[in-house]
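Chemist: Spelled out, the chains give:
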Amino acid sequence: MGVRPSRRLAVFLAVLVASLFLFPLVARSYSLYLAMQILILSVFSLGFNLLFGYAGLLSFGQAGFFAVGAYGCAKILLAVPNLFLGLVGGIVAAGIVAFLLGILCVRHTRIYFSMLTLAFGMMIFSIALKWRDFTGGDDGLVGIPRAPLEIPGLLTISVANLEQYYYVVLVVSLLSVLGMYRLVHSPLGLTLQAIRDSESRAEFAGVPVRNYRLVAFTIAGLYAGVAGALLAPLENTITPPIAHWSASAEPVMATLLGGIHVFGGPIVGAFLFFMIKDIIVRFTQYWLIWLGAIVVILVMGFRGGVLSILVERLMPWRPTRPMVTRRKA
Amino acid sequence: MSDLLRLEGVSKRFGEFVAVNDVTLFIPAGRLTAIIGPNGAGKTTIINLATGAFAPDAGIIRFKGDPVTHLSTHDRVRRGLSRSFQIMNIFPRLTVLQNVLLPVLCRRGRTGVALTPVEGEREAVAEVERILGEIGLLDQRDAPAGALSHGDQRLLELGIAIAPGPELCFLDEPSAGLTPVERATVLELIRKLFAERRTTFVIVEHDMDVVFSLSDWIVVMNRGRVLAEGPPAEIRENREVREVYLGEELTA
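Line by line, the protein sequences are chains A and B. Heads up: the first sequence begins at 0 in numbering that gives the first Met the number 0, then just goes up one per residue. Heads up: the second sequence begins at 0 in numbering that gives the first Met the number 0, then just goes up one per residue.
Where hints are given, some of them may not hold.
Distance ranges between label pairs, derived from CB positions [claimed, not checked]:
(1) Leu174(A) with Arg190(B): 29 to 39 Å
(2) Val91(A) with Arg121(B): 31 to 41 Å
(3) Gly111(B) with Leu154(A): 24 to 34 Å
(4) Arg107(B) with Thr283(A): 49 to 59 Å
(5) Leu137(B) with Tyr111(A): 39 to 49 Å
(6) Gly176(B) with Lys129(A): 51 to 61 Å
(7) Arg121(B) with Ser18(A): 36 to 46 Å
(8) Gly135(B) with Val16(A): 41 to 51 Å
(9) Glu128(B) with Tyr111(A): 53 to 63 Å
(10) Gly8(B) with Tyr111(A): 33 to 43 Å
(11) Arg107(B) with Val16(A): 29 to 39 Å
(12) Leu99(A) with Asp2(B): 36 to 46 Å
(13) Asp137(A) with Phe13(B): 35 to 45 Å
Since the hints were derived computationally from the structure, they do not count as laboratory data. A virtual CB, placed ideally from N, CA and C, is assigned to each residue, including glycine.
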């Protein structure tokens, strides 16, 4: 008798997490940097996919909230050298901005929603570019310190070097993944998926649909904020392009690569995104063309993304897609 | 007031087209009412107005005595008013169990619970299993709803409609597109639910066999107005009704 598949998965995840914790022992700083970028994009994409894969809303403006998190964290760190305050401040700022813009965005769905998010994202980009006194304009904010992580009366950890900061990124990312996992498997997660499948049916089941969309939008904004806040101390410099709409495409690409209907899709996608980029960049500076081509092939040939295909191959009894898909009337 | 639902002078127009024209209609509790009429008579619009999908241009809608004219759909559902759809409207990617679980969680105020697994909602799941038993879909509880046969999707639709525990439930053509056998199953189910749950049903139907065998009271609509209403025997004899609507089918 073989090992039960859920146990096999648990073992795989345990090994994965353990190797992530041991990674700094063997990795050089470039690999560490790359690993952190992957973790950050994973968190960013998981939030994006709560909106897209679970609630059925395609946002093209997530980079705006990412930037609010990054700039928020950077401004705090430049004023008060405490990483804990910086992260929390950046995340809260992103959540508030997402909540306020969400009130307007969730009034619409489909392409209208996407256009609204694109427009708001570009407004945030403009603010980052033009509000020189606060954001530093196109020079951005420089010299963001990797200040110690200090929770008053509880702990003080120095995170100045890359290995130390890696653990901050890793722990925050794992907590975010765990939180999202619990969320999508909770009654709230079910409600969002129901809204995705049929808005009118959900409303007639008694769900105040718009409020729940706003909840999803705000949580996605918070996750973008987490990712952005983690990036600021890593890069030490934050510039407006992180808010640009083309940056909003990164979680879209990563999620499509990995699969929108599997929980781990965005994480696998974020990994593939950076691996593909890293390999292609060695041969050509036009890496985006190749990445785009790969995404096109995946979307057309393997509709569910890489992880869905794997899940279907390895666990055929657990379909990730229903056999019949029905268009909404 | 024993009327569950009262539409008082309700009108709805779409541009030039008057879909519902000054309709006054009382639905008392415990009477199985059928609304019939030719295409475009305004039957489905009546459901949409009563359940809050549209706001009327004129008139008042009362549910259990309270005006609900401008309440949102989900608020009306919470007060005990639900519906099924003419065009199949289920959650195709969710399992059969999850389809019915949503309205049950909603009634129990549990849809906002964010960090505990949905399987932990044992009372709600038990209630859903009872409903699935009633509609005969318990053995397919873990199948994706989109993969069910048309007839089973109709049954599921009915299950979602009764899951909020409504006092009044509109069924919009519950037997549309069903085989005779499936139709008999659905009819039997509606009768059983009516008897056991004391839910008041209002059905909109094209199938005259269904209408006359099932309902206690028939409302005939034509061109946005109520043409006649009364018990089936009376409607069958009504001259005007026979002329505009029933003519061919009953004199054949």
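Chemist: Taking the hints in turn, state whether each one holds.
Modeler: Hint by hint, here is what the structure shows:
no. : hint                                 : in the structure
1   : Leu174(A) with Arg190(B): 29 to 39 Å : violated, 54 Å
2   : Val91(A) with Arg121(B): 31 to 41 Å  : holds, 35 Å
3   : Gly111(B) with Leu154(A): 24 to 34 Å : holds, 33 Å
4   : Arg107(B) with Thr283(A): 49 to 59 Å : holds, 57 Å
5   : Leu137(B) with Tyr111(A): 39 to 49 Å : holds, 40 Å
6   : Gly176(B) with Lys129(A): 51 to 61 Å : holds, 58 Å
7   : Arg121(B) with Ser18(A): 36 to 46 Å  : holds, 37 Å
8   : Gly135(B) with Val16(A): 41 to 51 Å  : holds, 45 Å
9   : Glu128(B) with Tyr111(A): 53 to 63 Å : violated, 39 Å
10  : Gly8(B) with Tyr111(A): 33 to 43 Å   : holds, 35 Å
11  : Arg107(B) with Val16(A): 29 to 39 Å  : holds, 36 Å
12  : Leu99(A) with Asp2(B): 36 to 46 Å    : holds, 44 Å
13  : Asp137(A) with Phe13(B): 35 to 45 Å  : violated, 52 Å
When the structure is compared with the earlier hints, violations turn up for hints 1, 9 and 13 and for no others.
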